[in-house]
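Chemist: Next come the chains, spelled out residue by residue.
Protein chains: 2
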Amino acid sequence: MELTILGCHSATPRENFHTSSQLLKFKNHLFLLDCGEGTQIRLREQKTNFKRIKHIFISHLHGDHFFGLIGLINTFRLLGRNIDLNIYGPKGIEQVILLQLELSKSITKFKLIFKELENDHSEIIFEDERVKVSTIPLRHRVYTNGFLFEDKSKIKKINFDKLNAFNIPPTFHSKLMEGFDYVDKDGNLIENFKFTHKSKNSFKYAYCSDTCFFSSIINQIKNVDILYHESTFLNQDQILAKKTMHSTAQEAGKIASKAGVSQLILGHFSTRYRDKSRFISEARKEFKNVILAEEGKTYYY
Amino acid sequence: MELTILGCHSATPRENFHTSSQLLKFKNHLFLLDCGEGTQIRLREQKTNFKRIKHIFISHLHGDHFFGLIGLINTFRLLGRNIDLNIYGPKGIEQVILLQLELSKSITKFKLIFKELENDHSEIIFEDERVKVSTIPLRHRVYTNGFLFEDKSKIKKINFDKLNAFNIPPTFHSKLMEGFDYVDKDGNLIENFKFTHKSKNSFKYAYCSDTCFFSSIINQIKNVDILYHESTFLNQDQILAKKTMHSTAQEAGKIASKAGVSQLILGHFSTRYRDKSRFISEARKEFKNVILAEEGKTYYY
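Residue numbers (our numbering), protein chains in the order written: chain A, 1 to 301; chain B, 1 to 301.
No lab work stands behind these hints: they were computed from the structure. Among these hints, one or two may not hold up.
If chains are identical, the list can't say which one is meant, so a pair holds when it fits in one copy or spans any two.
Dumping the calculated PhoX-like pairs for lysine-lysine here, alpha-carbon to alpha-carbon at most 25 angstroms [as the list claims (entries may be wrong)]:
| id | residue 1 | residue 2 |
| --- | --- | --- |
| 1 | Lys-109 | Lys-243 |
| 2 | Lys-105 | Lys-91 |
| 3 | Lys-105 | Lys-242 |
| 4 | Lys-242 | Lys-258 |
| 5 | Lys-105 | Lys-162 |
| 6 | Lys-115 | Lys-105 |
| 7 | Lys-109 | Lys-242 |
| 8 | Lys-185 | Lys-51 |
| 9 | Lys-105 | Lys-243 |
Please construct the entire structure, taking both the sequences and the accompanying hints into account.
Modeler: In structure tokens:
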């Protein structure tokens, strides 16, 4: 997985602070998560191949998470795109996009496929052989979902120390990694488990923005490898966090700790704070392995 | 008048090429003309006092002229604005803005006053003591208006050589400039025209984007001081210009020449051309006093 932070600030975009958007390379997919104003410029800065983006996930319809979507779609159109585009987001998203295309008499050569979300429980919204994406219902001022990305492939690691005892041709190694047993030329069955490690749990990434402290998500994000959790505020602004239904850094840490995730990435920062290291120190009271999202940076896992 | 070009490129925004928007300081007003995606960032770069913008004029509903409007309104809202905002633009603009505010459950403390345009003839859409703004119906793929800004004040210049022959106190000079006659202490009428120059025609700025070559506008923009006219293409792409209902630089020059304007500013450039000086040389075949719009630059008149 490669995660590029295109924007990780809340509310209004500034010259050097961009609103929410992430580019997620997950197995063979390039997913876009949220799309604040100017996201298409961030994608150009990353030299993104626009055609590779086939699925866009919008958490909620606050402007800092979706005002860039219509511009991106329009740019796809002007560049002559002819590959389907799937958009997942709250009910209403289709109307607002189609209305703007209609008012500008713009016709896309590609299909725009909307999957409008309105359930209060988690649902699988995309799945193929290797990847599964589910919603993580969040609690915010408007209907909001986070998204859980799961790698379904269970590639096993070969234990070469043990493998040497058997006469198995290297051309069969990829089959072994997929879990197949081997039958030698005399018809003897050599069982897979004898020379492979147990397959690890599948890799999972959870994107949770925007939300207040909401313990109901803990079960669903249990033991995920990477959790991106919003932390709009610091403890000093707890009242504001409550009022606006956002989280503090410490609350994000608490969620990470209770869910036993491997790493927490903090983001969706209010631009009011100059010293971002305070987000880290406050979250660390609850959970050690925490980092700050940085715009323009790619994280490799 | 002060005219700041925030964006003067067509179609899709790029890292260093912004879509249409202009900030026009005209008498005591700060008008915004069109509002492509990211305009709010351009306004921040110019250190604009957001509260001073009370009137926004949208030429048409193509994305490169209005996708930044909802983001700007939302930012005004988040910054606690409580001053009315007037928006002039094609029918449909109110629906698309209000729908997005509704979907995000956003309430503005300020009044949003829409003046939707649908006439095919010119109409006065704003007027006060000093300024008049009228539409300039243009011809494009969708319903489009340019805008004509007129300084209504007819300040006369005093002819001091002649004034010296009369005994008029300096405290009355401003009245003289406004055209008043003077009555001396013996009751003698001294007529204004005897010591003032004839008032010049009022200062006018015409914004015409987007449009194909459309000679019907010539009458309305006759003798304006400054004409901003789109020139998306060069002559080599005349066929494309016709197809997309845009103008070439030479066509813009022809309009400027026939209208007898004082200066022509070219803009709305396609990003396909590296060497912009060609726009100048092609327009100069028709009209001499022509300059290129430059993003981030302010022109003082």
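Chemist: Now, for every hint given, state plainly whether the structure supports it.
Modeler: Verification of the hints:
1. Lys-109 / Lys-243: Classified as between; 18 angstroms across copies, 44 angstroms inside a copy.
2. Lys-105 / Lys-91: both (23 angstroms within a copy, 13 angstroms between copies)
3. Lys-105 / Lys-242: between (43 angstroms within a copy, 17 angstroms between copies)
4. Lys-242 / Lys-258: Close inside one copy (20 angstroms), not across copies (63 angstroms); limit 25 angstroms.
5. Lys-105 / Lys-162: Intra 66 angstroms, inter 62 angstroms, cutoff 25 angstroms: neither.
6. Lys-115 / Lys-105: Both: 23 angstroms inside a copy, 21 angstroms across copies.
7. Lys-109 / Lys-242: between (45 angstroms within a copy, 21 angstroms between copies)
8. Lys-185 / Lys-51: Neither way: Lys-185 and Lys-51 sit 47 angstroms apart in one copy and 83 angstroms across, limit 25 angstroms.
9. Lys-105 / Lys-243: between (41 angstroms within a copy, 15 angstroms between copies)
Violated hints, listed in ascending order, are 5, 8; each of the other numbered hints is respected by the structure.
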